[in-house]
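Given next are the chains, with one letter for each unit.
Number of protein chains: 2
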Amino acid sequence: MKIEVTLGIDVGGTNTAFGFVDVNGKCVAESSIQTKAQNSAADLFSRLHPEVEKLYQTISDKYLLKGIGVGAPNANYYRGTVENPPNLKWGVVNVVEILKQYYDVPVAITNDANASAIGEMLFGAAKGMKDVIVITLGTGLGSGVVVDGKLVYGSDGFAGEIGHTVYDPNGRQCGCGKKGCLETYASATGIKRTVMELLATSNEDSALRNVNYNDLDSKMIYTSALAGDKLAIEAFEITGKILGLKLADAVAVTSPEAIVLFGGLALAGDMIISPTKKSLEENLFHVFRNKVKVLPSGLPEGNSAVLGSAALIWNEIIKLETITI
Amino acid sequence: MKIEVTLGIDVGGTNTAFGFVDVNGKCVAESSIQTKAQNSAADLFSRLHPEVEKLYQTISDKYLLKGIGVGAPNANYYRGTVENPPNLKWGVVNVVEILKQYYDVPVAITNDANASAIGEMLFGAAKGMKDVIVITLGTGLGSGVVVDGKLVYGSDGFAGEIGHTVYDPNGRQCGCGKKGCLETYASATGIKRTVMELLATSNEDSALRNVNYNDLDSKMIYTSALAGDKLAIEAFEITGKILGLKLADAVAVTSPEAIVLFGGLALAGDMIISPTKKSLEENLFHVFRNKVKVLPSGLPEGNSAVLGSAALIWNEIIKLETITI
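First to last, the sequence lines map onto chains P and G. With the first letter of the first sequence counted as 1, position 209 gets the number 202 in this note's numbering; the numbers rise by one all the way through. With the first letter of the second sequence counted as 1, position 162 gets the number 155 in this note's numbering; the numbers rise by one all the way through.
Simulated from the structure, these hints should not be mistaken for lab results.
A pair holds if it fits inside one copy or across any two, identical chains being indistinguishable in the list.
Each computed DSS-like pair below joins lysine-lysine, with the alpha-carbon atoms no more than 27 Å apart: (1) K172 <-> K284; (2) K172 <-> K286; (3) K286 <-> K171; (4) K171 <-> K284; (5) K(-5) <-> K19; (6) K143 <-> K284; (7) K223 <-> K271.
Here chain P stands alone, though its shape is the one from the complex (with noise of 0.2 Å):
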């Protein structure tokens, strides 16, 4: 008998990863192409098709596809779009409806956070619990909220957008047009506006004061922490500081089991996870104190994007089986 596999679909702003999945989060074989974000969506999947049949070609006579999950900006579950995504020229466009016209088996779509969540709760480091929240340290911070074992949508399918939260109404421009959001502080890009507003403040010598602003990068910022750098560590300080502040805010809304820090910035490990989790627990309400785990991403680097994709349509199918059985 063939080993069942989904397909999971990753959609970057440059390049598309794409790969086989088995039920136990095991890669069995994966690929990528260049998404071409200046092309239309139906561009890239009639361009993805071929190569998806050809790598499913090299794996067909021991593997069997059973469903398709779709990981890619501004994607909405219920109604299967991607919505004007801010790096990709694609307007709305119902991609559901675009992969069904290849494919015979189930498609499933959400945004890149959500399916790192799924993935964390299945593959990762959330396997087998049902409240988590993945927080997603990015170029902005995405967050995929897990209630009683299933993602929550809400009433219009985009909840989860803790990196829009409010830190200071009166603080950092936030691309979003709002001041003070939570992912202006908390992410690759808000470590990098600490640390230049460290440099202003303070007079602490730093090997981050002959790098531009265009130059610098979160792992530059962990490298001259880790070589102790004083204004680097700092910057990690604050930058958990706040992250745990707001954490401590969600965790009052939903009670999750554990925390789990994916993504960029969460590379850095204990020297953001160390404050984090200080100042989250400072911050809980007393109920909650001593209870939540933060943790590390429990997928591998690589391909945990198309791991998180293929999640999601496994996590649809085993919801079918339970409910048939």
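For this one, chain P is given, so just place chain G on it according to the hints.
Relative to the frame of chain P, chain G by itself:
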């Protein structure tokens, strides 16, 4: 055939109200006894039992008891317990076990705010909605969060503590030990504190300058505001502004269709709803704007707590019957 009813019990610091409620939220008989907060839980329920029996006798020719729901402070739904309630000398006690000694029907317990949330969902302003947040503005600020038609209990049964999300980490001392919790601003007590602050910071003449802190209540502030007292009106505006800001954070987590305001301070109607709604919209992430309703409670003022407790167990019974079908 007899009409099915559930028994709703609302345990308060002074009185314990109870009543029989049908599946449409009609309370067919109700009464109350003294709680006697210094006595044990066992004492309360042993005194309650004959009173419940007496009331049931008056309706049992037409009605059949299907289950019992209890709303009580510091109640834990998962464990069936009440745990160290601030106003009752109960310690940790399993209320469901106590009630099971007297009644051979399903029993469930939750805290007052969660019971209200289920009440609003089944019988009140949130009827038919699947995603909603209910805020009770009483002495403190309680909340019940409904996601996909189900109350969120979280990993430990204590989810929904929006009153203890942080508005200002350096702000007002909260009874919980933290500083600047939302309930120190947005609650009947919170608006009193805001009036005191305004009496200090402003030179505005006000009838409230003749009232001492202990005598002042939120109804007086409302009456003054209705009479055009500028300071009282400003107190409502500040309260709504802060409440709206923090509710925007909660919307970003679960994306509800509506927020229902319940409890004493919510009786001020538009005086509190209007500034709350304005501030909510200003602080919402753009995808949520112009979507989230802010509604007054749809439960009758007199027995809303009994209806909420009855709704809790109706909700369990309906779930069971749906699964059986």
